[in-house]
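Participant: Residue strings, one per chain:
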Amino acid sequence: MLPYILRRLGFGALTVLGVSIVVFVIMRILPGDPLVAIFGPDGFTRLSEEQRAHYMAELGLSDPLPVQYLRWVGDILRGELGHSFFRSESVAEMILRRGPLTAQIAFLSVLLSWVVGIPVAIVSALRPNSIGDNIVRFLSILFLAVPGFWLGMLIVLGLLFAFGYRAPLTGASLLEDPWTTLQMIIGPAIVLGLGQAAYIARMARSSLLEVIREDYVRTARAKGLGGRAVISLHALPNALLPVITLSGVLLGFVLAGSIPVERAFGTPGLGSAMFAAVSERDVFVMQNLVFLYAIVFVALNIMIDILIAWLDPRIRFR
Amino acid sequence: MSLSQTTAEPAAIVPPEPTLLRRIGDTLALFARRSPLSAFWGVVAAAIVLVAVFAPLVAPHDPLMANFRQMGKPPGEAGLFGTDQVGRDVLSRVIHGSQTSLTVAAAAVLLGTTFGALWGMACGFFGGRFDNLSQRAMEFMQSFPDLILAMAIAMALGAGTGTVIVAIAITRIPFGGRVIRSVVLSVKEMPFVEAARGLGASSRRLMFRHILPQCVAPFLILATAHLGVAIIIEASLGFLGVGIPPPTPTWGNMLADSLNAGLVPPWWLVLFPGLAITVTVLAFNLLGDGIRDMLDPRLRGSV
Numbered sequence: 001m002l003p004y005i006l007r008r009l010g011f012g013a014l015t016v017l018g019v020s021i022v023v024f025v026i027m028r029i030l031p032g033d034p035l036v037a038i039f040g041p042d043g044f045t046r047l048s049e050e051q052r053a054h055y056m057a058e059l060g061l062s063d064p065l066p067v068q069y070l071r072w073v074g075d076i077l078r079g080e081l082g083h084s085f086f087r088s089e090s091v092a093e094m095i096l097r098r099g100p101l102t103a104q105i106a107f108l109s110v111l112l113s114w115v116v117g118i119p120v121a122i123v124s125a126l127r128p129n130s131i132g133d134n135i136v137r138f139l140s141i142l143f144l145a146v147p148g149f150w151l152g153m154l155i156v157l158g159l160l161f162a163f164g165y166r167a168p169l170t171g172a173s174l175l176e177d178p179w180t181t182l183q184m185i186i187g188p189a190i191v192l193g194l195g196q197a198a199y200i201a202r203m204a205r206s207s208l209l210e211v212i213r214e215d216y217v218r219t220a221r222a223k224g225l226g227g228r229a230v231i232s233l234h235a236l237p238n239a240l241l242p243v244i245t246l247s248g249v250l251l252g253f254v255l256a257g258s259i260p261v262e263r264a265f266g267t268p269g270l271g272s273a274m275f276a277a278v279s280e281r282d283v284f285v286m287q288n289l290v291f292l293y294a295i296v297f298v299a300l301n302i303m304i305d306i307l308i309a310w311l312d313p314r315i316r317f318r
Numbered sequence: 001m002s003l004s005q006t007t008a009e010p011a012a013i014v015p016p017e018p019t020l021l022r023r024i025g026d027t028l029a030l031f032a033r034r035s036p037l038s039a040f041w042g043v044v045a046a047a048i049v050l051v052a053v054f055a056p057l058v059a060p061h062d063p064l065m066a067n068f069r070q071m072g073k074p075p076g077e078a079g080l081f082g083t084d085q086v087g088r089d090v091l092s093r094v095i096h097g098s099q100t101s102l103t104v105a106a107a108a109v110l111l112g113t114t115f116g117a118l119w120g121m122a123c124g125f126f127g128g129r130f131d132n133l134s135q136r137a138m139e140f141m142q143s144f145p146d147l148i149l150a151m152a153i154a155m156a157l158g159a160g161t162g163t164v165i166v167a168i169a170i171t172r173i174p175f176g177g178r179v180i181r182s183v184v185l186s187v188k189e190m191p192f193v194e195a196a197r198g199l200g201a202s203s204r205r206l207m208f209r210h211i212l213p214q215c216v217a218p219f220l221i222l223a224t225a226h227l228g229v230a231i232i233i234e235a236s237l238g239f240l241g242v243g244i245p246p247p248t249p250t251w252g253n254m255l256a257d258s259l260n261a262g263l264v265p266p267w268w269l270v271l272f273p274g275l276a277i278t279v280t281v282l283a284f285n286l287l288g289d290g291i292r293d294m295l296d297p298r299l300r301g302s303v
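Respectively, the protein sequence lines represent chains X and D. In terms of UniProt numbering, the first sequence is residues 1 to 318. In terms of UniProt numbering, the second sequence is residues 1 to 303.
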């Protein structure tokens with residue numbers, strides 16, 4: 001097991017390095033002048049030649065690209081994520097303040113997707129082509145097509161019309177005020193959870209249908225086990241392996257999807273910070289946030305891989 | 001020397017050659033028989049495409065024209081879908097939005113998948129160090145959630161239709177690359193390719209005459225499967241303000257606009273653009289499923 005974990009971690013480190021290069025290339029080398037982004041096209045034309053050179057030097061943009069890259073990586077390694085141009089709060093503080101909310105949304109949505117997706121898949125797989133199965137399949141196809149942020153807007157509107165209710169916009173921490181926090185995260189978590197549940201149900205259904213036909217399941221039936229025991233003790237554990245992997249990939253979608261969904265609900269999480277950075281054209285904050293999201297995504301996938309290898313010894317020895 | 005002789009004779013000698021139109025018709029009929037549900041959604045998709053193409057003719061009003069006597073009117077009072085906060089007709093904007101959304105999504109998917117497919121073909125064909133490096137590069141690209149990568153690129157390049165297309169296209173490259181690479185790797189070992197190689201076919205001939213045709217079906221499946229995703233990414237970019245800049249009506253822009261229409265957005269500004277996205281994506285996804293099942297039944301449930 002240990003060699004596998006080490007190999008996977010080494011590989012992950014390589015990926016993070018590659019990802020940092022991709023982020024740097026996108027944010028710094030692609031055409032598009034950071035000064036235009038910061039001052040706006042009008043402000044940029046009003047700057048004199050010297051002022052431009054001055055700002056470029058001050059921001060370290062006139063150094064050679066490799067130097068800029070190394071400085072950026074060095075800053076990150078020292079934990080200095082810089083400041084926004086528009087806010088007094090440092091990026092690191094902002095991440096610490098807003099990150100937990102998004103993490104809670106992500107966690108709750110994954111939980112919901114399993115709670116909804118797996119039972120639905122079992123019902124569906126046990127009676128393929130029944131009415132229930134067809135309804136489930138249609139719903140899962142439908143939820144793949146519904147944009148989460150739109151569903152979020154509809155929920156916000158619906159609650160407002162029906163009950164005059166609006167989720168709190170500023171919140172405390174989970175420990176101090178769990179009720180407020182729950183109200184803030186439940187909406188985004190439901191929207192993102194249903195989107196994932198559609199994928200999970202589809203995958204679990206087809207995976208279960210495959211496993212049910214295996215010899216060992218027939219053996220379990222033949223020795224007289226009840227249907228419930230056969231499914232939950234024999235078929236399900238194996239059928240869920242690909243679902244776990246998928247769930248890891250979907251976490252990336254949750255991280256990305258939470259940006260528009262948090263905007264729709266007005267939730268002050270990391271996604272809203274990303275939205276703010278984008279609308280203010282805050283290049284440097286955006287660069288660090290994109291990198292952070294990518295690292296989290298890579299780390300989650302490594303954890304899922306290790307979990308799968310632990311659950312399924314065949315993978316370790318490949 | 002009658003008229004009937006001259007017309008009847010050639011028809012009797014030459015058997016009726018099925019025209020291209022006829023063959024397409026037959027294929028469609030087969031498709032409808034095999035999967036009526038996909039065929040139905042295919043018709044919906046075709047209708048959406050027609051509306052998009054002829055948007056200026058279909059739309060009752062100019063989508064950009066503000067009308068200050070008709071601001072924020074609900075459906076029924078002004079237009080079928082109501083008007084927005086500056087009095088623009090929502091129905092016309094949704095119709096014109098289909099044009100933008102479909103153009104951007106189709107262009108992005110074609111561009112990204114084609115580039116990825118060519119890259120993947122080269123990887124599978126040449127192998128070795130080039131393949132290794134390319135695989136790593138694609139992995140790095142896939143280490144970002146789609147939307148975040150598209151957002152970063154769209155923001156770095158600055159607003160514009162071309163930018164959005166490129167941003168979405170780049171996120172599609174690794175998918176095309178990986179699928180086509182694996183197809184090439186398996187086709188390369190098939191006897192007919194070896195036979196051609198044995199007959200002295202050059203690398204280029206092998207690649208384009210023998211391997212490329214085998215990649216067409218997976219390519220089509222992949223492209224239709226990703227159309228829906230591309231439409232949703234485009235809408236999300238518009239919603240986040242890094243899509244096609246206003247006042248061009250896109251579904252994402254309209255939803256973003258609705259949030260600026262006051263403390264509580266009027267329901268018709270929220271409902272209709274989102275409904276348009278959902279129905280369009282649903283239609284293309286189901287059509288894609290049908291095409292996949294027809295072109296390659298083995299892939300049922302995958303891709």
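Hints listed in this document are in silico derivations from the structure and should not be mistaken for laboratory results. Each residue gets a CB set at the ideal place from its N, CA and C atoms; glycine is no exception. Among the hints, a few may not be true.
To be verified - If you anchor each label on the Cβ, the simulated ranges turn out as follows: (1) X:L307 to D:L20: 25 to 31 angstroms; (2) D:L20 to X:V115: 48 to 54 angstroms; (3) X:I5 to D:L220: 37 to 43 angstroms.
Participant: Does each hint hold? Answer for all of them.
Facilitator: Comparing the hints with the structure gives:
1. X:L307 to D:L20: 25 to 31 angstroms: 54 angstroms Cβ-Cβ, so the 25 to 31 angstroms window is violated.
2. D:L20 to X:V115: 48 to 54 angstroms: 53 angstroms, holds
3. X:I5 to D:L220: 37 to 43 angstroms: At roughly 41 angstroms between Cβ atoms, D:L220 and X:I5 fall inside 37 to 43 angstroms, so the hint holds.
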